[in-house]
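Engineer: Go ahead and model the full structure; you've got the sequences and the hints to work with.
Chains as they are written, first to last, in my numbering: chain G, 79 to 491; chain W, 2 to 297; chain P, 527 to 827.
Keep in mind the hints are simulated off the structure, nothing from the lab. Predicted, not measured: the structure shown is a model, and the values here were computed from it. Just so you know, even glycine gets a beta-carbon here, dropped at the ideal spot from N, CA and C. Treat the hints loosely; a few may be bogus.
Claimed, not checked - So the derived label-pair ranges between C-beta atoms look like this: (1) Q122(G) to A27(W): 40 to 48 Å; (2) I17(W) to A473(G): 55 to 63 Å; (3) V21(W) to R728(P): 16 to 24 Å; (4) A615(P) to L281(W): 22 to 30 Å; (5) W56(W) to D431(G): 39 to 47 Å; (6) E626(P) to L281(W): 17 to 25 Å; (7) L539(P) to D197(W): 18 to 26 Å; (8) R203(W) to Q716(P): 51 to 59 Å; (9) A420(G) to L281(W): 56 to 64 Å; (10) D431(G) to L671(P): 48 to 56 Å; (11) L63(W) to A231(G): 47 to 55 Å; (12) R535(P) to L31(W): 50 to 58 Å; (13) Q122(G) to L604(P): 30 to 38 Å; (14) L671(P) to A27(W): 14 to 22 Å.
Stated by the list, open to error - The list that follows gives simulated cross-link-like pairs (lysine to any residue, SDA-like), each with its CA atoms no further than 25 Å apart: (15) K54(W) to H679(P); (16) K406(G) to E199(G); (17) K490(G) to L583(P); (18) K350(G) to T62(W); (19) K312(G) to L583(P); (20) K353(G) to A250(G); (21) K486(G) to L546(P).
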Amino acid sequence: MKVRHSIVFALALIIALMLPTLGRGGAAQTITFITAPWGVPPDQALFKGFQDRTGITVQVISAPSAEMYTKVQVASSSRRAPADVIFLTEEAPSFVVAPGYMEPLDAFVAKSPDLNVGDIERMDFWTVGGKVQGITTYVQLVMMDYNAKRLQAGGFSKPAATWDELRRQSLALKQKGVDPYPLALGAIDWSWYLMSLSAGDPMFDSGLNPVFSNSGSPARTAMTRLIGFFATDKVITPDLLTKVTPHDVFMGGTGVYHQAWQGSLAVMNNAKISKQAPDVQYLLMPDQHYTWSLDAAIGLSRFSGKKDAGWEFIKWYVSPENLRAIYKAVGLVPSRSSLQRALNSEGAIQGFDVMAEQAKYVHQLPRTAKWWGPWTQSVTEAIRKAAQGQLTSDAAVDAVAKRWNELKAQYKQ
Amino acid sequence: MSGAREVMLPRVVRRIFFWVAVALLALWSLAPIYWIVVSSISTRIELYTVPYKHWIPQSPTLQNYIDVFTTGPKYRAGGFLPSATLLYSGVRNSILVALLAAALLSLLASLAGYAFARLNFRGRSFLFFMMLLLVPLPIWVSLIALFQLMSVVGLIDTKLGLVLLFVAYGAPLYVWLMQTYIRATPRDIAEAALIDGASHFRVLRTIILPVAFPGLVSVFLVAFLTVWNAFLIPLIFTNSESAQPLTVVLSLFIGQYEVAWEAMSAAAVVTMIPPIVMALFFQRYIVRGLALGAVQ
Amino acid sequence: MLRIRSEERTAYLAILPVGLLLVLFVYYPAISTFLLGLTDANPRVQGLEGVAHFIGLRNYVQTLGSGEFWASVWRTTLIVLMVLPLELAIGLGAAMILNEEFRGRAVLRTIAIIPWMLPPLVNGFMWSWILNGDYGALNGLLYQLHLVTGYHHWLASPSAQLFWVALAQVWTRFPFAMVVLLAGLQSIPQDVVEAARVDGARPAQVFRSVTFPMLLPAFTVVLAVEFIVTFQIFDVIWSLTSGGAAGQIINPFTKAVMILNYEVVFRNLDLGLGSAVAYLILLLSMGVGYVFVRMLYERGA
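Structural biologist: Structure (structure tokens):
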């Protein structure tokens, strides 16, 4: 009796579950868009307007970025589209573009003057192998910010102009009791890139050889300094030995200087979620001022069957209206120069002056090298081991240079 | 072993130890949960307070729950998909998929478990071994071939697809468990019934399962909770609210720069309610099974 | 033509559904993946148009000779050694408590299962917030109880990271052991236990000579399953020490075998090598699991 009932019950459930799927596929055109959570179009009215106007229904698939890449890779490796349109964060070149999972957009761009592609910045970054792989959606320099009020409490009226000065200030802030851990920099690869670039080290030459490992290079000094911050100066909280980013540490009130991003003030000065509000300001990177950028883009999956509809969506996504909505919602600076100027003249962008100044000193890292992704992992590991005293900072630099060359050999074959 | 009788601890002392153990167990299980509930009614700033002493939040707020049920958090996380929709569909999908998968697993595990426990057939050990062989295989690399298969069959982003995957990957363990529980049941009544001409299915249904009922219930419960907590398979094989379960929906609270813990904990509290209700519901059946077993 | 006895037919019929599902969804992809492990497949190197080459067992040799692989196995072993005894002890203790009759038993049983209901990702984030060195709840609690004078950075050292990963795993998994062992306890016929007690045996003796031997099969299942689950631990490590935001970074000190496998497959896109690592993990898990099962079955018989 019971067994039969369970079988009937199970069959009924199966049928109930299958019914919705049987009625699928009615919409005029449905495309899918896979994105990290902050890439979801924030203005629902605007979004709906696009869908009504074009008859294209857009289904958004949102996933945290690491999981998003896993989905994209699994589907693409089996030669299926993970979605028609794909949001590309700065890790995308290595994970998604290098294996060839994206559709080149040159032809689409050429036939769409309404896109006004000249207005869009950093398209060179997304042009790989001579082909456009994505349209930039927002620009984001890696920057640093600081809490001006607490800096002043430590007796400093201006932020540091050199790394040596920054170190001295941190030690003083610690000693004076302003903050036991005045620097919020993670034990991660980014901290080292930032410190090296701003100290004037180009990291790689045009042949993709690691010049950072040259003897006495600014990058070596930077590594020693970074490790010193953790191990000897102890101006960075030990929690940052395991955390991926220093942002929630800073927002939680620890740190006077902080590795941030272009647009971070909107978050750091939000009193609801940040204890450092409203005193946070950008500082121009010390020493030679150089930094790199983490722009995001949007592109088409190679395996999509609806590329034209996908392209229409892309064009809408990078339209001034949507980019403005994105800026208003999450503080990501739009890729359109005209829009940046407009927003600034409305006084809507905090710290625009420093941003604009910083934007003059950009030196890109070769993220489009196929082996960039795997290499960054080795950098973080080396830094973490060095911070725990398992490697000297010079040994760390040597180790990552060696890994770079190994990977380069493996991929160039 | 010494021949002399040792003094047994007086009953009162033993009772005290027992209740202390009960209290410890409750504390161990609940303390972090209590903190989750507290987080869910706190603001982010309050969570950042040092030294942290807000065991009862100073200004408790339901805003996180409201956010989670309406338009979703407006900071740089969680996306802007109406989180109420996501949460509702997440709960619905999780319940449906977990219930069906657990039911199917209980059914199939009972059948196969009985076969391995009580029946004689050629290749019994071999099949048992083969069934368990691939259980420890990490699923990572199979994902790609599996994705291809699921696409071809059209089961991507479907609840049915999820159910089939969970049943396929979960079956070996539950078959093994049921086999263990069934082996422990007394053979004599079953043998008598068989001699009387009853079919094996009948014996299973009317004699074995009632005795092994606690085992069956625990298989159902374990299966339900395991499927409820599954993350990787739904992540890869579902895309939209038609099939995405809660575990995937909750991961959307991971932002680009921070984890919106106050919101995630509110969502987590909400998602714990159905399984708790489920577990409470099951208490009755475990007790009933005990009663039946005692009659033997 | 071989005659299939009716008992055999019943048996095959009973096993058929499970068998079909396994062949289709488990064996087929697994075999396809195994074949992939004999090639040098890597989408980044070959691109879409390129073709992977057959290289035989080279991936296996490379993995077995890799210091990083063995370091990761060692780390994972440490975690297992910390998790299993604790989890089984707590699970068994909880099962024994819940086996007694007392008021409020149903409530306690539900409470004790709650840690298991928390999605693993949330579990990791929760512990990461509790253990936070600058504003965490554990620090707050200890400070308020005057047990410490300052905030402690719990996750600062590599061994501490492993320890807390183990603890978070024990906390979330012990209900599984408890539920399975409880069902096992409840299926032990009470008359045998009563007889032993009447004979004058002390509770500890009753347990050792009567209860535990009859619990052995269930205990074996729990041990074997939890060994595999713990050996393949991933979510807790991911969210406690690697996660928190976008662009997750793999923490070298908690790089367990599954994390290594993930890195090889999804970061390095080394599909061939990743398959070899996965199968070696299978061999290791199976090997040890089998040893456990043999050990306990021998004792139980």
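Engineer: Kindly indicate which numbered hints from before are broken by the structure, ordering the numbers from low to high.
Structural biologist: 8, 11, 13, 19, 21
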